[in-house]
Each structure stands twice: as structure tokens, then as C-alpha cells.
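Using the sequences provided together with the hints, build the complete structure.
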Amino acid sequence: MYIAAAAYLPSSFAMYLTMVAMGAWFESNYKSTAVLFNIVTLRLTESLLLVLMQVSIMAVAASAIVGWPFSAALGLPLALELIFFKQKLLLFVKYCAVALVTIAGPLFIIDSLYYGKAVFTPLNILLYNVFGGGGPDLYGVEPWTFYFFNGLLNFNGVFVLAMAAGLLVEMKVVVDMWLTQDTKQDRTYSSGYRAAVQPLLVWIVIFFTQAHKEERFLFPVYPLFALNAAISLQLLQDTTPFLCILVRAPRMLTSVARSCVRALPVLVVVVHTLLSISRATMLYKGYHAPLDLYGSISTQPILSHVKTLDEVNLCVGKEWYRVPSSFFLPDKRWKLRFIRSDFRGQLPKPYSSFKNATSAIPENMNDMNQEEPSRYVGWDGKG
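The sequence shown begins at 1 in this note's numbering and counts up by one.
Please keep in mind that the hints were generated in silico from the structure rather than gathered at the bench. The model shown is predicted, which means the values in this text are computed figures rather than measured ones.
Below, computed lysine to any residue pairings styled on SDA-like, alpha-carbon distance capped at 20 Å:
hint, residue 1, residue 2
1, K318, P348
2, K117, L127
3, K349, F338
4, K117, D367
5, K332, L309
What follows is a set of in silico ranges between Cβ atoms, one per label pair, in the way DEER data are often shown:
hint, residue 1, residue 2, range
6, L50, A118, 30 to 36 Å
7, M1, E142, 19 to 25 Å
8, R216, P301, 34 to 40 Å
9, E319, P265, 40 to 46 Å
10, M1, L50, 30 to 36 Å
Even glycine gets a Cβ: it sits at the ideal position worked out from N, Cα and C.
Here it is as C-alpha cells:
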């Protein structure tokens, strides 16, 4: 998650606002939240509850409009609760309209100004990726196991606990119905857990089933993995004694089971911390070479060698995507160039140097990720 937090990506921005939206949402459901986290919560005034609901709506809207349109899916459980359970349809519609005016309006004006025509960027992203002729699959497809392996690498045991949260919530509901009366308090207790796991489940259903998969697509729900894992630990502690009673386990086995689940949170934190440190260390040791390489071009020996040249070409091949950014180039004489390699997709093209660079339609571009020979230097287009 430390990579997602520092990345300059729309999905990282969506992650920040997802945390704001979910935090305000849980706080507005203070009765469920109090049971969920076992804390003492002061009674909130009606006005403060309304403010928290408003914050949730606006945070989801900003995440989807300014950041990444697909993050709006995380707001579906929030919208359903406001409309159908809290009977706040007018509040929901009102602040959706406020978001359109205060967030989408300025975004439309600024984008249109820079692009030189009427443009609403979130809509363009949706049209291309969902309804476009090529869509995201042009940029590579991955097997259904991709996110599972990725989650295990990045979150290890926490990922397993997070994925089990939905099942454990329903198990808890069944256990409560079996052993206790279905009271209003029990329903509130269960609905609090369900509210917490629903956004992650929605994201899993949408993105795990897509052919085109990337790690950054999970950034908005990284905090929810941690939340759902914590819920799983809590549910394991709550339900294990009841399950032992249900199956009529021996007293000794019940005692051992209770001791194990009581120590489980500490064990999970320790193991997760050690594995995460190991993962971070290996990422640095195995993948820091590009940063060292591009940092070294600003050293005095290299700069002295090229100081008489009017233009310096820095050529890259199939690992062009490892270039940090043009800010790593020492000065304006340095130009990033591409040489032909095994990569056969469309390579990036610099902006024009003219004043209308953002509004001018560049040549030799396509929306099908097809190879553009004009990107290469030192290649005649043959072979």
C-alpha cells in the first residue's frame, strides 16, 4: 500500500477519497459502527449526521469525476443505503447535483479550455474503456488468477482474511440466528458488518472478472483490504466459541480454540509485518536499478563528456516504461528516444513545443494500440 499511496495516479487519488467517503459513511452509521468496532460513541446530532452523509457523497463524486470514473462503483452501497434504507433520496439527489455544479462544472471548463473543444474527461474514459471499439483489452490480458497472486504478494495473509470477510459475515448471521433470537440489535450488528464488506465485494465482482488486469486497478480498495481483514479477525474471535458449542466440542478443545483465536490478531500482525518488510526489501533490491541508472546520467563524468553537444539522445528499447520521467534528464538538450525492440504497441509521443500543444491534434496517433514507426529513431521502417 505504500506504493499506492505515493504513486501519481488517478487510482491513488481515488484511494485517498475512498477512505474519506467510507470513514464519513461509517461514522454516520454510528450505532452500527459502535458495535462493529466495540467503542463508546457519543450520540451525534442530526445536523452532524447530515454533514457526514454529505461528505460521503461529495468524496465519492470527487473521486469519480476528478480522479478515476470507475471508483464511483465503491459508492453504490452508500447510495443504496441512503435511498432505500435511510429514505434520503432527496439528500442524495441534491448533493449529486451540487457535485455536478461544483466539481464537474469547473473540470469541464478547464478541460475544454486546454483541449480547445468541449470535453468531459471522465465521460471520454468511460466511452473508450467500456463502449469503445478496442477497449482496455488492447493493452494486455491476464488470467483470472492475476489479482489473487498479486494480493498474496502485496498483502500476504491479510489478503486471505479480507477475501473471507463476506463469507464470515454471513456465517456470523447464521450463528446468531441459530443461537439467539433475531432481535433488532442483532440485525443492526449484522448490517454494520455487511455495510463494511460491501464496497470491496462490488470492486471484486467488477474488476476480477475483467480480462485486462493491472495492479493499479486495486489501489482504491487497498485500505478496504485492511478493514475487511480486521473484520475477519473480529468475526473469528466472536464465532469460534459458538461454533464449538454448536458442534458440541469437548471442553478442552473449546478452551484451546478460544486461546488460539485470542492470540490470532497478534500473530497476524507480526507475520504480516515481517512478510511486508521482506517484500519491500526485495522490491528495492530487485527493481531499483532503473532509478540508479537514470540518476547516474546527471553525474559529473557523463555531463562533462556531452557538454559540447547541442542535443543528447537517451535511447531506450522494450523497457521504455521504466523511465521515471523527463525530470530525470539533466537539461533541455537531452531527448528521450525510442529504438525498435520486441515491443509492438504504440509508444508515447511528446507534446508539441507550440503554445497550443494541449489542443492541437497530434499526427501519427491511434486508439487501437498499434505500432507507430514514426516513434523510432534510427529505423527505416523495414525489418
